[in-house]
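2 protein chains.
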Amino acid sequence: MIKNDLFLKALKGQTVTRPPVWMMRQAGRYLPDFMRLKAQYDFFTRCQTPELAAEITVMPIDQIGTDAAILFSDILVVLQAMDIPVEMKSDVGPWIPNPIATAKDVDRVLVPDVEDRLNYVLQAIIQSKGLLDNRVPLIGFAGSPWTLLCYAVQGSGSKTFDKAKAFCFSQPELAHRLLQKITDTTIAYLKAKVATGVDAVQLFDSWGGLLGPDDYQTFSWQYLQQIVTALRTEIPVIVFGKGCWFALREMSQSGAAALGIDWTCSAQNARYLSGGAITLQGNYDPAKLLSPTSQIRTDVHQMINAFGKDRYIVNLGHGILPNIPVAHAQAFVDAVKEYY
Amino acid sequence: MIKNDLFLKALKGQTVTRPPVWMMRQAGRYLPDFMRLKAQYDFFTRCQTPELAAEITVMPIDQIGTDAAILFSDILVVLQAMDIPVEMKSDVGPWIPNPIATAKDVDRVLVPDVEDRLNYVLQAIIQSKGLLDNRVPLIGFAGSPWTLLCYAVQGSGSKTFDKAKAFCFSQPELAHRLLQKITDTTIAYLKAKVATGVDAVQLFDSWGGLLGPDDYQTFSWQYLQQIVTALRTEIPVIVFGKGCWFALREMSQSGAAALGIDWTCSAQNARYLSGGAITLQGNYDPAKLLSPTSQIRTDVHQMINAFGKDRYIVNLGHGILPNIPVAHAQAFVDAVKEYY
Chain X
0 MIKNDLFLKA LKGQTVTRPP VWMMRQAGRY LPDFMRLKAQ YDFFTRCQTP
50 ELAAEITVMP IDQIGTDAAI LFSDILVVLQ AMDIPVEMKS DVGPWIPNPI
100 ATAKDVDRVL VPDVEDRLNY VLQAIIQSKG LLDNRVPLIG FAGSPWTLLC
150 YAVQGSGSKT FDKAKAFCFS QPELAHRLLQ KITDTTIAYL KAKVATGVDA
200 VQLFDSWGGL LGPDDYQTFS WQYLQQIVTA LRTEIPVIVF GKGCWFALRE
250 MSQSGAAALG IDWTCSAQNA RYLSGGAITL QGNYDPAKLL SPTSQIRTDV
300 HQMINAFGKD RYIVNLGHGI LPNIPVAHAQ AFVDAVKEYY
Chain C
0 MIKNDLFLKA LKGQTVTRPP VWMMRQAGRY LPDFMRLKAQ YDFFTRCQTP
50 ELAAEITVMP IDQIGTDAAI LFSDILVVLQ AMDIPVEMKS DVGPWIPNPI
100 ATAKDVDRVL VPDVEDRLNY VLQAIIQSKG LLDNRVPLIG FAGSPWTLLC
150 YAVQGSGSKT FDKAKAFCFS QPELAHRLLQ KITDTTIAYL KAKVATGVDA
200 VQLFDSWGGL LGPDDYQTFS WQYLQQIVTA LRTEIPVIVF GKGCWFALRE
250 MSQSGAAALG IDWTCSAQNA RYLSGGAITL QGNYDPAKLL SPTSQIRTDV
300 HQMINAFGKD RYIVNLGHGI LPNIPVAHAQ AFVDAVKEYY
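Chains as they are written, first to last, in numbering that gives the first Met the number 0: chain X, 0 to 339; chain C, 0 to 339.
There's no promise every hint is true.
All copies of an identical chain are treated as equivalent in the list; a pair is satisfied when it fits inside any one copy or across any two copies.
Straight line, CA to CA, 30 Å or less: simulated DSBU-like cross-link-like pairs of lysine-lysine [what the hints assert, rightly or not]:
1. 158 / 2
2. 2 / 190
3. 103 / 158
4. 308 / 88
5. 162 / 11
6. 336 / 190
7. 336 / 158
8. 103 / 8
9. 37 / 180
10. 336 / 128
11. 190 / 128
12. 162 / 103
The set of hints was computed from the structure by calculation and includes no laboratory data.
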């Protein structure tokens, strides 16, 4: 039914002629048409207006030719739906006016009816599917409970998320209550996305790598595992834990269909640490898209050779940067399509 | 000659009754006496005034009882000596008014006479040795060339140091010329420190973990190796690459006396990746010093059991945070001293 099913084949571990390619944040600030919409509408307006979200979602399909679309949205819409207001401040990034700190704060956090509170996301899926017209699969996503806790407690982005970690280490029972609420919401949210028609889901644990291996199990992985377990029979689940090389073994045994890899973990290490059988996705250093396009092409072919063409999805090791020339993103995608 | 030589014994791989302990940034903002001096003198005045630097250096020895002192200074004084001005802005951190961007900029960078330009550091060593009176060893340090390039090019601290990476990936010849200038300066600087009396040196590659394994070799490790090679016959060298688990094997074969480990790399992984024979130093998550003191004590004993008491130096996995209660830092150090 989906014309270009390379991505879905790779998730199933099937043999392909070449690996599929998409880029995290591919519907983003490096695209002139995205910047045009950004000038007209603020961040959460773009997320909350299905027409806009859908228009942005399909941009990289039309303009760069990636093999999968990922719904334009943000991991923080889940916090908003849980009655934790989030604003997006220019130059600052995410801003939570009333960060979680006390038992009362955690009690007040809502486990919402996601079909109501996040209905605009479901509408954006429907509209995106319409615009995609079965050309490529559509990926839905959510942040990991730990990563969402980081923002909810810290109150903003941070290099170290010290406040969030202090919260977990000094009030672990509270942290676990909050994490479970986020987990329950996320499972309902992703199930609604699946019911509305996404073809795969990706879980982003952007700040998992700030925890040591034992704390990662305690404060992040056990909740991610709950989500994978709840979704895995319905849809392929991709888990991307940035900096989480130390947890690849557990992740590979979780029932996830694929694991995202960042650029600090070589293909060889990633295959070894994940047991060698699971589909891997990654891992070009986003900053290397500033290299000359001839270098990008060479790098991409080397990367495919290193990971192997099967059980592999070409991607960046994190989101594409705003200052990447479109021609360089295009060179990255084209290099994959040239591979044989 | 040095009364408490546990730290030097551990660096030599000798058997000890208990491992030595010190903390990165142990002479820092968690100490009320440090805050008193901070209120009176700005950051670089404290670095550049030997009496103040020495007073700060010995504070944790007198007040917390660590087994080694580390000279109070900053990795960025090397850039200043190379005619790259650096300011310290409150709330912003390091600030380079004229970041390096062009060939002309790199040409202008000075490889200075360190005995002249960094004489105040050498005076601070002499004064620190006086105040220490051979109670514990004194550690000198420097930043890695890559980490210094990050600041020199980016112009400030950053989560991703995109500009610095873009500089390396788009103008590699320029990057290598700058890295070599920093390397030559650093070798002369550390040799001067050794001649003045430090008992060990540590190299901080704080941003090495932002590079993939191949780029790490190209833009960071080859320069660190030059420094280790130049110093290793004169003094024990500790290499700490934050996030550089993927390079522990090369590091272990470099001639370094010990390797610093961050908290994302378990003791087991660190021993395995470093080949099992070299002294390791680390790796308590600095944020975990906010745990109850009873928990800190348990954690420290588990950490020593995991690393083993020999060929091991207890430390944090990165610098101590400003908001750590002194009693918690004390509990960390005391837990090591109680170990038997």
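To see whether the hints hold, each was checked on the structure:
no.: 1; hint: 158 / 2; verdict: neither (42 Å within a copy, 39 Å between copies)
no.: 2; hint: 2 / 190; verdict: within (24 Å within a copy, 65 Å between copies)
no.: 3; hint: 103 / 158; verdict: within (27 Å within a copy, 32 Å between copies)
no.: 4; hint: 308 / 88; verdict: neither (41 Å within a copy, 49 Å between copies)
no.: 5; hint: 162 / 11; verdict: neither (40 Å within a copy, 38 Å between copies)
no.: 6; hint: 336 / 190; verdict: neither (33 Å within a copy, 53 Å between copies)
no.: 7; hint: 336 / 158; verdict: neither (36 Å within a copy, 32 Å between copies)
no.: 8; hint: 103 / 8; verdict: neither (47 Å within a copy, 51 Å between copies)
no.: 9; hint: 37 / 180; verdict: neither (32 Å within a copy, 43 Å between copies)
no.: 10; hint: 336 / 128; verdict: within (24 Å within a copy, 63 Å between copies)
no.: 11; hint: 190 / 128; verdict: within (17 Å within a copy, 65 Å between copies)
no.: 12; hint: 162 / 103; verdict: within (17 Å within a copy, 43 Å between copies)
Checked against the numbered hints listed earlier, the structure breaks hints 1, 4, 5, 6, 7, 8 and 9; every other hint is satisfied.
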